[in-house]
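Heads up: the sequence shown begins at 3 in this note's numbering, then just goes up one per residue.
Where hints are given, some of them may not hold.
BS3-like cross-link-like pairs, simulated, lysine-lysine; straight-line CA separation at most 30 Å [stated by the list, open to error]:
(1) 21 / 197
(2) 99 / 197
(3) 53 / 117
(4) 21 / 53
(5) 4 / 99
(6) 158 / 21
(7) 158 / 172
(8) 117 / 197
(9) 58 / 21
(10) 4 / 158
(11) 77 / 204
(12) 117 / 4
(13) 4 / 197
(14) 158 / 53
The hints are simulated quantities; they were obtained by calculation from the structure and are not laboratory data.
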Amino acid sequence: MKHNLIIVPGWGGTELLWKHQSEHLSDIADITVTYFPDAETIEEMTEQLIKDAPEKFIICGHSLGGWVAQLAAIKAPHRVSHLIIMGSWTGDLDHEKRQYFEQWQHEIENDRLEKLLSEINATSVFPSRSNDRTLMSTLIEGQSKFPRQGFLNQTKAMLNSQPTTLQLHKIVCPTLIIYGRQDSAFTLETQQSMKSGIPSAKLAIIEDCGHMPHVEQPQAVTALLRFWLENQVKQ
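Take the sequences, apply the hints, and build the full model.
Laid out in structure tokens, this is it:
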């Protein structure tokens, strides 16, 4: 029997960035990639996801989507059977990160989204691949159908939503945390802290990889998801 797998992309991401996983995991899961350009808080995104989701589902969230996925597992523990968090965090903002996202908001509001995306994409990946035209084109293509207002709304959501930090212990389902070793957005210490906070969490590190593992190292991510899900379902 196939399982329902809901994938929640990160900031500005769409199903176009999850082609490899959607294609190569389709034999074990019915996959839906869902994102929320109209929501202005993580709580709104999570409520919409739970409302539209099947009765029982696996959720995989990347970056901002990982925050949503955590909250879904906290709010609907009887419905989320497995949780995958990739290149993410609990939403805690130190002064530096808050300034960073405020700058994003400023750039978008002043019609400099394309410039912002170019800069973010180049610094998000493994350093030696920042000039990889194919990779950069893939990222831009995957963000191209996301509405400008959606980028602004999601940026506001990261600035204005409640962290999950103090609620991680409420996540009771099997959990896999995936992290690119060279992720410039979030530290390994952050991943280890989440692992410590979630009772059943495992941490997998992908080498030579930045903040976009599913695009930078698609085969590795797909293989890891398959291995983990197949082993979890057997248990």
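Each hint, compared with the structure:
no.	hint	result
1	21 / 197	holds, 28 Å
2	99 / 197	holds, 21 Å
3	53 / 117	violated, 35 Å
4	21 / 53	holds, 25 Å
5	4 / 99	violated, 39 Å
6	158 / 21	holds, 28 Å
7	158 / 172	holds, 26 Å
8	117 / 197	violated, 35 Å
9	58 / 21	holds, 23 Å
10	4 / 158	violated, 36 Å
11	77 / 204	holds, 21 Å
12	117 / 4	violated, 41 Å
13	4 / 197	holds, 28 Å
14	158 / 53	holds, 22 Å
This entry does not satisfy hints 3, 5, 8, 10, 12, going by the numbered hints stated previously.
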